[in-house]
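Enquirer: Chain residues, written in single-letter form:
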Amino acid sequence: MLRLLWFGRGIFRMNSSTKKVAICIKNLSKSYVEGGEPHSILRKASAEIYDGEMVALLGRSGSGKSTLLNLISGIDVPDDGEVAIGDNVITDMSEQRRTLFRREHVGFVYQFFNLIPTLDVMENLKLVMELNSENDIMTRCTELLNAVGLEDRANAYPDALSGGEQQRVAIARALVHKPGVLLADEPTGNLDETTSDEIWELIDRLVRPSGGTILLATHSLAAAKRCDRVLELTEGKLHDITGALS
Amino acid sequence: MRHVIKALASYLFRRPGQLALAIIGMAVGIAVIVAVDIANDSAKRSFDASLTAITGEATHQIIGGPTGLDEQTYIDLRLQGFRSIAPVVEGTIRLENERFQVLGIDIFAESSFRDYETGGSGGGTSGGTNSFGLLTETGGVLMNADAADRLGLSEGDVIAVSRMAKESSGKVLAITQGEGFERVLVVDIATAQEWLGLEGILTRIDVTLENDDDQSAIHSFLPPNARLLNAERRNSSILEMSTGFNTSLTAMSLFALLVGVFLIYNCMSFMVLQRRSIIGVLRALGVTRVQLVASLLTEGMMVAAVGVLLGLGGGILLGEQLVALVSMSMTDHYSLIRGDDATVETFTIVKGVTAGVLATLIAVAVPATEAVSYPPRLTLVRSVVEESARNMLLWLAIAAALLILGAGAVLTFSNVSLFAGFFALFLVILSAALLAPLVVKYMTPLLTIIMGRIGGLAGRIAVRGILKSLSRTGVAIAALSIAVAEIVGMGVMIGSFRDNVEDWLVSSLQSDVYVSVPGRSGGVSLNGINPDLIAELTSQPGIAGHNPVRTVWIEEESGSTLLRATDLNFEKMRGFDFLEGNGEEIWEPFTAGEGVIVSDPYAYRQNLSKGDEVTLPTAGGLRDFTVLGIYRDYNTGSGVISIDRDIYVRHWHDDIIDTMGIYLQDGVDEAEVIESLQDIAAPKQALMIGSNQRLKEFSLEIFDRTFIITNVLYWLAMIVAFVGVLAAALALSLERGKEIAILRSLGMTTKQIFKLVVIQCGSMGLIAGLFALPVGMASGWLLIDVINRRAFGWQIDMLIPWDSIGIALVISIATALIASLYPAWVVTRNTPVAMLREE
Chain A
1 MLRLLWFGRG IFRMNSSTKK VAICIKNLSK SYVEGGEPHS ILRKASAEIY
51 DGEMVALLGR SGSGKSTLLN LISGIDVPDD GEVAIGDNVI TDMSEQRRTL
101 FRREHVGFVY QFFNLIPTLD VMENLKLVME LNSENDIMTR CTELLNAVGL
151 EDRANAYPDA LSGGEQQRVA IARALVHKPG VLLADEPTGN LDETTSDEIW
201 ELIDRLVRPS GGTILLATHS LAAAKRCDRV LELTEGKLHD ITGALS
Chain B
1 MRHVIKALAS YLFRRPGQLA LAIIGMAVGI AVIVAVDIAN DSAKRSFDAS
51 LTAITGEATH QIIGGPTGLD EQTYIDLRLQ GFRSIAPVVE GTIRLENERF
101 QVLGIDIFAE SSFRDYETGG SGGGTSGGTN SFGLLTETGG VLMNADAADR
151 LGLSEGDVIA VSRMAKESSG KVLAITQGEG FERVLVVDIA TAQEWLGLEG
201 ILTRIDVTLE NDDDQSAIHS FLPPNARLLN AERRNSSILE MSTGFNTSLT
251 AMSLFALLVG VFLIYNCMSF MVLQRRSIIG VLRALGVTRV QLVASLLTEG
301 MMVAAVGVLL GLGGGILLGE QLVALVSMSM TDHYSLIRGD DATVETFTIV
351 KGVTAGVLAT LIAVAVPATE AVSYPPRLTL VRSVVEESAR NMLLWLAIAA
401 ALLILGAGAV LTFSNVSLFA GFFALFLVIL SAALLAPLVV KYMTPLLTII
451 MGRIGGLAGR IAVRGILKSL SRTGVAIAAL SIAVAEIVGM GVMIGSFRDN
501 VEDWLVSSLQ SDVYVSVPGR SGGVSLNGIN PDLIAELTSQ PGIAGHNPVR
551 TVWIEEESGS TLLRATDLNF EKMRGFDFLE GNGEEIWEPF TAGEGVIVSD
601 PYAYRQNLSK GDEVTLPTAG GLRDFTVLGI YRDYNTGSGV ISIDRDIYVR
651 HWHDDIIDTM GIYLQDGVDE AEVIESLQDI AAPKQALMIG SNQRLKEFSL
701 EIFDRTFIIT NVLYWLAMIV AFVGVLAAAL ALSLERGKEI AILRSLGMTT
751 KQIFKLVVIQ CGSMGLIAGL FALPVGMASG WLLIDVINRR AFGWQIDMLI
801 PWDSIGIALV ISIATALIAS LYPAWVVTRN TPVAMLREE
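Sequence lines, in order, name chains A and B.
By this note's numbering, the letter at position 152 of the first sequence is numbered 152, and the numbering carries on one by one without gaps.
By this note's numbering, the letter at position 684 of the second sequence is numbered 684, and the numbering carries on one by one without gaps.
If you're looking for bench data, these hints aren't it; they were derived computationally from the structure.
All the pointers check out, no bait thrown in.
Heads up, simulated DMTMM-like pairs for lysine to aspartate or glutamate below, C-alpha to C-alpha not over 20 angstroms straight-line: (1) B:K610 <-> B:D624; (2) A:K20 <-> A:E53; (3) A:K19 <-> A:E48; (4) B:K166 <-> B:E96; (5) B:K751 <-> A:E130; (6) A:K26 <-> A:D80; (7) A:K26 <-> A:E232; (8) B:K751 <-> A:E95; (9) A:K178 <-> A:E130; (10) B:K738 <-> A:D120; (11) B:K441 <-> A:D120; (12) A:K19 <-> A:E53; (13) B:K696 <-> B:E670; (14) B:K751 <-> A:E104; (15) B:K696 <-> B:E675; (16) A:K225 <-> A:D240; (17) B:K738 <-> A:E123; (18) B:K738 <-> A:E95; (19) B:K696 <-> B:D512; (20) B:K738 <-> A:D159; (21) A:K44 <-> A:D240; (22) A:K237 <-> A:D79; (23) B:K171 <-> B:E155; (24) A:K225 <-> A:E48.
Given the structure is predicted, the values throughout are model-derived calculations rather than measurements.
Could you build the full structure based on these sequences and the hints that come with them?
Expert: Below you can see the structure in the form of structure tokens.
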């Protein structure tokens with residue numbers, strides 16, 4: 001049943017060891033100018049994330065986790081380097097092309113939920129499908145709302161929901177168009193422990209079994225341990241620390 | 001407090017564009033209020049100053065009939081020992097294509113009446129050396145410095161003046177400074193009589209009376225055709241008539257005031273609403289409610305100070321331009337307006353400042369008080385403010401209903417007061433503004449469906465955003481609605497008026513060709529068409545008949561009334577649109593001299609009905625005439641009395657014919673006849689000869705010119721509304737930066753975002769436009785049935801000018817769409833990451 005909820009799309013390429021590479025980050029650099037001074041966030045960061053993997057992205061506050069997710073999703077552009085999702089090199093695309101690619105193949109869950117306040121719960125879900133001009137919108141959205149346990153809040157507006165409920169809607173929204181890649185930026189960072197557990201339970205139950213690729217930025221070591229692999233972002237570079245954690 | 005203010009203000013300084021727009025919004029609002037006031041006041045003041053200066057210290061005026069006073073009357077009064085009297089010959093004349101008032105005086109009798117040198121009246125230097133030159137120099141003129149500057153004339157220059165195609169010459173003896181004399185040429189009485197063709201005639205005798213005994217005494221020495229009238233009462237009646245002329249301008253200033261105030265409210269309240277989160281944080285940190293409100297008010301006042309200063313400066317500059325336009329249309333009706341001098345009254349400045357300060361205080365205090373009234377946590381929640389705005393809808397509706405009831409009560413109990421009419425109009429517009437948010441609430445569901453069809457998802461999000469941000473959109477829509485309602489209201493009024501005037505011209509101008517003496521502009525006139533020439537002209541081939549007319553002004557304390565003496569046959573009587581009485585029944589008693597017929601405005605002003613008596617000053621003294629009928633007429637707001645010409649000649653001893661309507665035989669070429677009449681008349685007398693069609697066109701040209709200022713003003717109001725919508729659109733878009741960033745991160749393209757912002761503004765324009773239609777129609781009805789009726793007595797059938805309504809709707813949407821382009825560009829230019837980071 002869960003497979004029915006999220007079918008990753010065929011966007012992957014094979015690497016030398018025949019594993020499908022879902023996300024390829026190559027020599028990625030990004031800096032911001034603040035107070036007239038350039039601040040380097042990413043310095044030739046590189047990594048590969050494979051199809052179906054759930055990868056945690058660890059790092060201190062300000063280490064560049066959100067920046068990396070923004071670059072992978074294409075809502076920001078790097079100073080240098082390359083990001084590819086499957087066979088598609090995001091960094092070579094125009095802004096318009098990136099937008100169209102993102103809405104079809106990428107799901108994003110934010111720390112602060114980022115639901116559209118002027119749309120109710122159901123409409124927040126429908127939005128993404130309508131953007132993709134998909135069919136059976138109502139059926140699909142109802143399925144997902146049932147899956148996240150919010151079928152009775154379909155007509156509620158975001159500001160009437162609790163934080164946990166809002167994040168559940170955000171997860172449903174991120175999955176509704178069946179993206180190949182799900183990016184989550186501290187999805188439980190704004191929630192209490194109990195609610196965080198509920199959200200992790202939801203990710204385990206709903207997202208992981210679907211076979212899509214998940215990159216999840218977090219502070220939490222406990223959360224990281226739930227993932228297949230762990231990447232750490234330190235001094236602008238990505239390091240695989242899976243072994244060190246285990 | 002310093003840091004509290006800094007914490008609040010730094011938010012604004014981080015958005016300099018929005019702060020600038022708020023200041024510009026306020027400045028534009030105040031500028032329009034001030035400019036309209038300046039235009040209105042300057043015209044009135046100029047007219048009033050001229051009237052007062054020319055009347056001088058006279059308490060009374062002795063007025064003759066249409067043919068004036070014999071100058072022997074003045075001599076007789078002098079001989080009877082009346083010393084405080086001064087003869088006056090007055091009329092209009094052309095000098096270098098400008099109309100001037102000629103004031104012929106006797107300088108020996110003048111000294112206690114007028115001061116041409118320094119303005120004011122009495123005891124000035126009118127008896128000075130230069131004035132005495134009037135006696136010795138034939139055609140000598142005292143010219144005001146203002147006119148001399150304009151015409152490039154100086155002392156000693158020879159001038160050529162003309163009246164009724166008759167040229168005369170004069171010489172500038174001295175340049176004077178007197179206020180109110182800017183369009184007056186002061187000459188000796190003999191010169192005035194010669195220039196105006198009034199040899200041996202006085203227009204009036206000015207009198208200063210100390211008590212009632214003097215009044216009775218002077219009365220007993222007056223000939224039967226002369227009357228002693230109170231000068232002050234007469235002047236105020238004339239002034240009232242002239243200011244009534246500016247009713248549309250006054251109505252426009254009301255609209256401008258409201259639109260301006262709403263714009264200021266819109267801009268200032270936005271600035272508070274956007275900082276609710278900062279207010280919440282400051283409250284949480286322990287800043288008291290009083291401290292916060294005081295800080296916001298202090299900051300609001302600082303912004304207002306800049307806006308008010310800019311607005312006053314801009315308003316004065318704009319006002320100067322408008323004065324020329326107002327004067328142009330007033331000069332078509334009255335000749336005294338100077339036309340180029342904007343007067344800035346203290347009250348105008350006070351009004352502009354008060355509008356800015358009060359609107360700012362309310363605009364800041366209401367949302368600020370509301371924001372601090374919640375616990376700090378709730379202050380941070382946007383939905384709280386929107387919920388609160390939605391909860392206010394019922395109270396706004398109740399307030400609007402009370403205002404409409406108030407307007408009804410004012411109209412019911414105010415009888416004929418023009419001020420009350422304007423007040424009722426103000427209440428109706430204000431109530432409409434209060435209803436605007438409610439209209440938004442009920443229109444958005446339907447509009448969501450429509451825009452959803454047109455713009456898909458972006459359309460639905462856009463329209464829903466209007467309702468969700470009612471605290472922001474409501475005021476902007478109200479401001480735009482008022483501005484558009486103004487277009488509709490004025491369109492209904494002017495359109496209906498013009499249509500009625502056209503119908504009236506068709507029914508009242510029944511002759512094919514009109515012949516008249518030129519320059520008949522009121523006052524005493526002895527110029528008529530030469531009787532021999534009349535005989536010659538009317539005996540030409542192709543002419544079936546003619547209708548001789550004498551038009552004179554009857555002067556009363558209640559103002560001037562046009563008396564038209566005419567030979568009306570039965571057929572022509574049927575051409576009148578009688579509101580009381582029947583043309584077929586009236587004709588016989590009318591030609592038998594049993595009574596007169598009066599125009600509707602005259603009957604309204606004098607409260608007359610069919611069968612009432614009207615007292616007219618004839619050559620033999622006052623005489624009563626029965627009102628046989630009341631007819632529709634748009635000739636002049638003061639009203640017209642029509643009388644059979646034989647009766648007029650009998651009672652007024654005046655057989656002059658100054659106008660003649662000529663009927664042509666069937667099949668005759670009108671242009672040929674006019675040309676032959678012109679050829680015959682040219683060597684003998686200067687006459688105006690034109691076709692029925694040309695006269696109608698000319699009348700409509702004057703009509704259209706009257707409303708040029710109105711057009712200019714409603715475009716100004718639209719600019720104010722445009723700035724309002726632009727400010728609202730920009731603020732909404734910036735405020736929704738995060739939402740837009742999320743939409744973009746979810747895959748909405750920049751094109752779709754652009755569409756969303758444009759659809760949102762366009763929908764606001766559509767809501768405002770649709771709501772403005774009934775409001776504008778109601779305003780139009782008030783302008784027609786209350787304001788115009790009370791100001792002029794005109795009865796106008798209301799028409800619905802569909803073209804104006806269509807244009808208003810298009811303008812409303814177009815204004816909003818244009819206003820959306822900049823915000824749409826701003827939000828699509830930013831990257832989603834930048835917008836998310838800003839949040």
